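Chains as they are written, first to last, in the numbering used here: chain G, 1 to 223; chain F, 1 to 258.
None of these hints come from the bench; they were simulated from the model.
A couple of the hints might just be wrong.
Stretches of chain F that chain G covers, calculated by requiring three or more beta carbons in the stretch to come under 8 angstroms of a beta carbon on chain G [claimed, not checked]:
no.: 1; region: 115-123
no.: 2; region: 164-170
Residues from chain F shown here face chain G by an in silico Cβ test under 7 angstroms; the list is partial [stated by the list, open to error]:
no.: 3; residue: Met-96
no.: 4; residue: Gln-100
no.: 5; residue: Val-102
no.: 6; residue: Phe-104
Only a predicted model underlies this, so the values are computations on that prediction, with no experimental measurement involved.
The beta-carbon is built from N, C-alpha and C at its ideal position, and this holds for glycine as well.
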Amino acid sequence: MSVFDFASYAKFRWSDMVLIFRAAGLTLQITLISLAFGTLIGLLLGIVRCSKNQVLNKLPLLIMEPLRNSPLIVQLFLVYYGLPSLGIRMPAMTAALLTLSLNTSAFFAVLVHSSIIAVPRGQWESGYAIGFNKLQVYVYVIARQAIRLLIPQAITLYISQLQTSSLVSFVSLQDLTKAGQIVAQKTLLPFLIYAIVAAVYFALTYPLARVARYLEKRMGFTI
Amino acid sequence: MAMIEVKNVTKSFQIQSFDESTKKYIKTKLTVLQDFSVDFDQQGVTVLIGPSGTGKSTLLRCINGLETIDEGDILVDGMSVRDKHKLKNIRLTCGMVFQQTVLFPHLNVMQNLTLGPRKLLGMSMAQATDKAKHLLNKVGLISKEKARHFELSGGEQQRIAIARALMMDPKALLLDEITSALDPEMTSEVLHILEDLAADGVCMIAVTHEMVFARHVARRIIFMDKGAVAVDADKDEFFTVHRKENERVASFLKFIGE
Numbered sequence: 001m002s003v004f005d006f007a008s009y010a011k012f013r014w015s016d017m018v019l020i021f022r023a024a025g026l027t028l029q030i031t032l033i034s035l036a037f038g039t040l041i042g043l044l045l046g047i048v049r050c051s052k053n054q055v056l057n058k059l060p061l062l063i064m065e066p067l068r069n070s071p072l073i074v075q076l077f078l079v080y081y082g083l084p085s086l087g088i089r090m091p092a093m094t095a096a097l098l099t100l101s102l103n104t105s106a107f108f109a110v111l112v113h114s115s116i117i118a119v120p121r122g123q124w125e126s127g128y129a130i131g132f133n134k135l136q137v138y139v140y141v142i143a144r145q146a147i148r149l150l151i152p153q154a155i156t157l158y159i160s161q162l163q164t165s166s167l168v169s170f171v172s173l174q175d176l177t178k179a180g181q182i183v184a185q186k187t188l189l190p191f192l193i194y195a196i197v198a199a200v201y202f203a204l205t206y207p208l209a210r211v212a213r214y215l216e217k218r219m220g221f222t223i
Numbered sequence: 001m002a003m004i005e006v007k008n009v010t011k012s013f014q015i016q017s018f019d020e021s022t023k024k025y026i027k028t029k030l031t032v033l034q035d036f037s038v039d040f041d042q043q044g045v046t047v048l049i050g051p052s053g054t055g056k057s058t059l060l061r062c063i064n065g066l067e068t069i070d071e072g073d074i075l076v077d078g079m080s081v082r083d084k085h086k087l088k089n090i091r092l093t094c095g096m097v098f099q100q101t102v103l104f105p106h107l108n109v110m111q112n113l114t115l116g117p118r119k120l121l122g123m124s125m126a127q128a129t130d131k132a133k134h135l136l137n138k139v140g141l142i143s144k145e146k147a148r149h150f151e152l153s154g155g156e157q158q159r160i161a162i163a164r165a166l167m168m169d170p171k172a173l174l175l176d177e178i179t180s181a182l183d184p185e186m187t188s189e190v191l192h193i194l195e196d197l198a199a200d201g202v203c204m205i206a207v208t209h210e211m212v213f214a215r216h217v218a219r220r221i222i223f224m225d226k227g228a229v230a231v232d233a234d235k236d237e238f239f240t241v242h243r244k245e246n247e248r249v250a251s252f253l254k255f256i257g258e
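With the hints as extra help, turn the sequences into a complete structure.
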């Protein structure tokens with residue numbers, strides 16, 4: 001069957017499109033929730049990483065390194081299929097949100113840490129010299145500059161995590177990718193369906209990419 | 001009582017060095033200030049000179065609490081730098097300007113000047129702006145109040161940094177080689193500002209290699225060598241008596257082309 005065999009497209013019904021859009025909603029929901037939690041946890045881990053206490057600043061690595069150095073899908077299987085053998089059962093949605101949130105937080109923490117230490121030491125000292133205490137230097141001087149470095153990188157991470165969320169289709173969640181599979185199998189129109197699915201992913205992430213480029217231009221000055 | 005009393009201060013740094021015999025990196029202790037004592041009163045300009053590595057900058061940084069001291073004590077207006085709760089007041093008493101200009105890059109000139117007074121002295125935006133305008137006039141940069149740091153030359157940035165330190169009404173200004181990174185033209189524009197401030201009676205403690213500045217503005221000159229005070233004298237005395245009699249001073253001055 002050729003892509004140009006338009007008669008076969010009749011098998012593709014409006015209800016299939018609705019299925020895809022609903023699934024896009026689920027993808028967006030999973031992504032937004034896990035990014036929100038991932039950002040909060042990552043911020044915390046990243047700030048603790050910057051501590052001067054040599055023991056304290058290593059603690060976040062205990063969480064971050066395993067999460068950064070193993071495939072997300074394995075983490076997902078571990079939580080969804082592995083934890084029940086320890087008596088911890090959770091719905092697929094909870095497992096997906098938990099795994100994606102923690103995974104995002106590990107990568108986000110690295111961005112936070114690197115953005116904060118990228119602010120030159122002289123900025124700390126001139127903050128102290130004015131009379132600010134550590135917290136005030138953080139808030140008025142360091143954080144403002146670190147955020148400028150952080151935002152474009154964070155958006156890149158968000159884009160990548162939105163696409164990575166397609167892995168939740170492996171734990172029986174009907175997200176955009178899974179819906180694509182179902183419709184493609186039903187209609188036997190894989191090229192058309194996956195093109196549509198790709199286009200929907202594109203529509204979700206491209207605005208983010210544009211925002212990142214805009215922010216990079218606006219904030220891209222040398223420190 | 002002197003405004004700043006440095007009493008028997010010892011300060012050392014841990015440095016890594018390569019040991020040729022064992023072919024290993026070892027940690028060694030570099031003592032910069034050894035049982036160091038000096039007093040500064042709130043009068044005129046004191047210039048600290050001496051060869052590199054004698055602890056001039058370290059002394060200023062210890063006074064401002066940016067470095068912790070190993071032994072001894074430093075009292076600023078009676079407040080010890082060892083008391084963490086007093087650090088804020090010590091830093092408000094002694095404003096500091098650094099060699100590398102460190103304006104806050106996320107703020108424009110006016111915001112750089114008003115941030116400290118608003119957050120620490122409880123000034124309103126209007127009060128702080130008024131004061132900032134007055135000081136910008138003084139350093140000749142009133143036209144740059146909206147500028148960002150990258151629109152300013154090194155000399156201009158340094159003048160802004162001086163104005164920012166003055167915003168907090170310090171009793172003394174600690175100046176750490178503030179002209180070392182500038183070309184001669186910018187250096188002279190910064191030195192002019194400092195001369196004006198000295199004429200206004202602002203107390204300054206300056207580490208510098210600018211002998212012109214020392215000659216014109218200083219009241220007292222402290223020559224430091226190997227972490228200790230080698231000569232502590234009035235300017236005129238320093239450039240006449242000590243220059244003739246002290247071999248170390250003579251060779252240093254000759255070396256820097258004075």
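Hint check:
no. : hint    : verdict
1   : 115-123 : holds (count 4)
2   : 164-170 : holds (count 3)
3   : Met-96  : 4 angstroms, holds
4   : Gln-100 : 5 angstroms, holds
5   : Val-102 : 4 angstroms, holds
6   : Phe-104 : 6 angstroms, holds
The structure is consistent with each of the numbered hints, conforming to all of them.
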